[in-house]
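There are 2 protein chains.
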Amino acid sequence: MNSTKQDKTETSSESNEDSRSSWRTIETNSLFADRISDVPKSFIREILKVTVSESIISFAGGLPNRDLFPTKALQDASNFVFENAGSEILQYSTTEGYLPLRKFIAERYALRGLEINPEDILITTGSQQGLDLLGKTFINEGDNVIIEEPGYLGAIQLFSVYRATFLPVALENDGLNIEQLKQVSGKKNTKLLYTVPNFSNPTGITYSTEKRKAVAEELNGKPIFIIEDDPYGDLRYKGENQLSFKHILPEQTILLGSFSKTVVPSFRIGWIVASKPIMDKLLVAKQASDLHTNYFTQRLLHQFLVSNSLDSHIKTIKEVYGRQAEAMVSSIKKYFPAEVSFTLPEGGMFLWVTLPKGISSMKLFDLAIKEDVAFVPGNPFYTQKLESTNTLRLNFSCVDEKKIEEGIKKLSLVIKKLLNEKL
Amino acid sequence: MNSTKQDKTETSSESNEDSRSSWRTIETNSLFADRISDVPKSFIREILKVTVSESIISFAGGLPNRDLFPTKALQDASNFVFENAGSEILQYSTTEGYLPLRKFIAERYALRGLEINPEDILITTGSQQGLDLLGKTFINEGDNVIIEEPGYLGAIQLFSVYRATFLPVALENDGLNIEQLKQVSGKKNTKLLYTVPNFSNPTGITYSTEKRKAVAEELNGKPIFIIEDDPYGDLRYKGENQLSFKHILPEQTILLGSFSKTVVPSFRIGWIVASKPIMDKLLVAKQASDLHTNYFTQRLLHQFLVSNSLDSHIKTIKEVYGRQAEAMVSSIKKYFPAEVSFTLPEGGMFLWVTLPKGISSMKLFDLAIKEDVAFVPGNPFYTQKLESTNTLRLNFSCVDEKKIEEGIKKLSLVIKKLLNEKL
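Chains H and L, in that order, give the protein sequences.
Number 162 in my numbering belongs to position 162 of the first sequence; there are no gaps in the numbering.
Number 298 in my numbering belongs to position 298 of the second sequence; there are no gaps in the numbering.
Where hints are given, some of them may not hold.
Unchecked claim - With a straight-line cut-off of 27 Å between C-alpha atoms, the simulated DSSO-like cross-links for lysine-lysine are:
| id | chain 1 | residue 1 | chain 2 | residue 2 |
| --- | --- | --- | --- | --- |
| 1 | H | K72 | L | K72 |
| 2 | H | K238 | H | K334 |
| 3 | L | K318 | L | K211 |
| 4 | L | K276 | H | K385 |
| 5 | H | K187 | H | K211 |
| 6 | L | K385 | H | K276 |
| 7 | H | K333 | H | K403 |
| 8 | L | K334 | L | K409 |
| 9 | L | K363 | L | K333 |
Honestly, the hints are just simulated from the structure, not real lab data.
If you're wondering where the values come from, they're calculated on a predicted model, not measured in any experiment.
Using the sequences and the hints, build the whole thing.
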């Protein structure tokens, strides 16, 4: 046990010197579950600590832009529910979540041609909890999870907790590499495929309809569920909406959704769409995990959604993020050396950069931070622990256009410096 | 898959009859993780469905009394944080939780002679999530958890999810049976002891200081952590506060706390107190589970706590619950047959009744519900699946004194009827 703690307990009137002495000899680490020893520490958590300074232009975050939060409308909604629903909004509630909120979500799916029963929707404490409940419900130690690579690090962390074995499949500019998918999809104990098909975190890549159909064809009839995680789907700046896997392979698709990117993240409100046999298990897992999602905030959010136009709010977000994405792409084209490649996101919050082979984005990070510009090196988005990658993630949602050009220009100078060293 | 779902997907433009046909032949159950197949379905969930009718006097709930919620003060706190902190309260936040809220909690422990560092406090999504994070962090399949019996069913459910093996120890009127504890505490792979030492759910029993010391002496130096779950500790109507296990065996005690019973439950705000080596693991588990607890509500709650007196609010709750507990005890003394025994709670929300041997509380429930009075049969509070128990839980927090007398009188008639059948 650490010594600070030790010192503090000295002051406790009932502390027992003997007990603590004998305790000190016990190896605490041996008491932890195997699952928790395996989980990678959050790399981004550590990086974000370095990048909070005001002087730094940070493309490292993964946050929505707080200037666009509908603060006043949420305050009005809060007052409305306090005044009209009173103490009921403060009591324990149902594990499934507030039914009118689930109906609202179902109605939005209906607009996209997806007929979802509100009973097949479970409100979760953010979509990260949706992942946790799916891990709890499906994964025995050693079960396989197919995951796009690079992929969402929160999913890598979560499935590591349940001691899944990852079957990474390369993410190409239009979606998964189908040849690689074919090689892994027949493996025994492969239960899930995890994908962010729209404006992926970290790459900004969107699957083409053809790739979606090819993925569905490969999995069709196999005992594998597709987890379609879609936090950014509403934030399309250009191009056409694609079919969901739920359109193409409905019985094998589980959807994850979230209000974190379209309304606000601090409420931690997301959802899972799953059919009844799965939902029955998810409800048991949800109840054991936290009984139910914060009910007051479900009521507040629902009130906001019925007394405001979510679509016109999303339109505002899309205009700002779209301009910023555009500014980032044109600055990259203007300043980055031609050897550097990058994705062209049609929505979401991220863009993915690939440096020439052998150029380490970790080394680039160390140099860039000295020039007051930050990003996330690609390492944590791979399932294998890598010493060095030549990839990096850039966020464009929280930096205005002027700062984006300034930051990309600074970054280009550091990249050129590294490339010259290499020559 | 269920047929309703099947029918609905017919309307989806991209639905593929072949894919669904082949999928239908897959045995979905074989895909679930072992852990989720073992978890008992919530019995109380089912019971509460029967007892929602207005005409029923329900002692079945486990809810705090919503008439006492500080609704107006919380609305004021909500407006204050919206107006003074603005969009910041709506953004993602730290996994650990809002520091001033953790300091507030630490200061309340200090008043009880417990010196807790705010860094040793993690804000959780209700104390149920505290349990989940501890299960994630400590329990490998088959590891032993010592648990008081009868014990909190949320803990039984949760540790079942992590496939723990339970070592139940009988809960006597002054705490655990020490002889039984001695028989199990040396068993290999015994990692945790779970206890609600103050006004336990379901029994209302409080451990005497002597029993606490005897438990601590037995575990002292053994590689076992005591999880002291204390949601009701502030709700003492009579008698003196007891020492916490954190006073007696500080290095081996992990505390769970909650604002659900002292402020409101819908916010889902609880906490864990653990020392650094454990906290490091809990933070990894928390981040993978839901990133962080609803930050807006943490801010709102903290504002409520600093601009109101929590103690004077708790005093109001204690006066009401104390009167209702008193009414229940005196009604039981007045109406129940002498062969029925019951606990005398000094706080909390529950009282535990033991019928003569061979009298089934499930059978009593079926008869009682016909007389419009409800309670929870003892079955779900045991780690073994029992067909029949002679015990039951009565809640007194949500029923006023007049209704309590009326309900206990009705219940006594049904008990007498069952006893007469038995003769």
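So, going through the hints one by one against the coordinates:
1. H:K72 <-> L:K72: holds, 19 Å
2. H:K238 <-> H:K334: holds, 21 Å
3. L:K318 <-> L:K211: holds, 25 Å
4. L:K276 <-> H:K385: holds, 25 Å
5. H:K187 <-> H:K211: It holds: about 21 Å lies between the C-alpha atoms, which stays within 27 Å.
6. L:K385 <-> H:K276: Distance of about 25 Å is within 27 Å: holds.
7. H:K333 <-> H:K403: holds, 16 Å
8. L:K334 <-> L:K409: holds, 9 Å
9. L:K363 <-> L:K333: Status holds; Cα separation ~22 Å.
Every hint from the earlier list agrees with this structure, and none is contradicted.
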